[in-house]
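Using the sequences provided together with the hints, build the complete structure.
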Amino acid sequence: GAGVSQTPSNKVTEKGKYVELRCDPISGHTALYWYRQSLGQGPEFLIYFQGTGAADDSGLPNDRFFAVRPEGSVSTLKIQRTERGDSAVYLCASSPNQGRVTDTQYFGPGTRLTVL
Amino acid sequence: AQSVTQLDSQVPVFEEAPVELRCNYSSSVSVYLFWYVQYPNQGLQLLLKYLSGSTLVKGINGFEAEFNKSQTSFHLRKPSVHISDTAEYFCAVSEWNRDDKIIFGKGTRLHILP
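If you read the sequences in order, they're chains A and B.
All residue numbers for the first sequence refer to this note's numbering, where the first residue is 1 and numbers rise by one.
All residue numbers for the second sequence refer to this note's numbering, where the first residue is 1 and numbers rise by one.
Think of the hints as simulated: they come from the structure by calculation, not from any bench.
Mixed in with the good hints there might be a few duds.
Some chain A residues close to chain B (C-beta under 10 Å, calculated; not the full set) [claimed, not checked]:
no., residue
1, S58
2, G59
3, F65
4, F66
5, Q105
Even glycine gets a Cβ: it sits at the ideal position worked out from N, Cα and C.
Structure, rendered in structure tokens:
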């Protein structure tokens with residue numbers, strides 16, 4: 001079956017612009033995670049959805065970042081007034097059941113965001 | 001708060017030689033531990049995980065890891081590497097009382113030399 005997909009694969013934008021990054025999880029997975037991976041670093045947790053609601057958004061760096069999952073499947077990560085420091089690969093992962101870390105997380109290929 | 005330290009950013013190894021990738025964690029409570037692999041141009045993939053029970057965990061592609069609570073370590077090993085093992089390997093930890101969040105290390109890049 002299809003894995004986690006993310007679009008676009010690459011996004012180049014200018015400082016101050018607004019961007020949206022999309023994640024399509026594996027069908028039926030109730031838990032969805034967003035991570036950010038900066039160059040030379042491991043993935044950094046941003047936000048976790050259980051169904052439609054954000055169960056933990058403690059990793060969002062500031063109020064320029066926001067994520068939604070209105071129907072409990074596709075999720076969109078939104079970044080306002082982008083800054084050069086936002087440049088990174090944004091990873092999405094999904095897992096079945098209750099979204100506990102004991103469940104395997106399945107990662108997408110990521111969206112590489114470059115802010116000029 | 002928990003943290004993960006991967007002591008080596010890069011590890012070169014000759015093909016068919018054994019390898020050990022080191023990982024140490026810090027936490028005030030009990031933990032779950034993970035190793036993920038990222039092959040070139042591919043997404044992260046779970047190699048293995050320690051949840052409880054036997055401290056020696058076997059994963060995919062011939063890898064194994066041993067949980068050592070006294071040394072707070074979870075080193076990854078393979079007895080004989082292949083060129084296809086070239087990838088970046090991430091150690092990760094999650095605390096039992098915060099089991100909705102995984103904290104990743106910075107990664108170790110494994111270079112297989114012919």
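Here's how the hints hold up against the structure:
Among the interface hints, the one on A:S58 holds; its C-beta lies about 8 Å from the nearest C-beta in chain B, closer than the 10 Å criterion. Hint status for A:G59: holds, given a least beta-carbon distance of 8 Å to chain B, under 10 Å. With 10 Å as the threshold, the beta carbon of A:F65 stays out of range of chain B, its nearest partner Cβ sitting at about 16 Å, so the hint is violated. With a least beta-carbon distance of about 19 Å to chain B, the hint placing A:F66 at the interface is violated under the 10 Å criterion.
Against a cut-off of 10 Å between C-beta atoms, the interface hint on A:Q105 holds, since the closest Cβ of chain B lies about 7 Å away.
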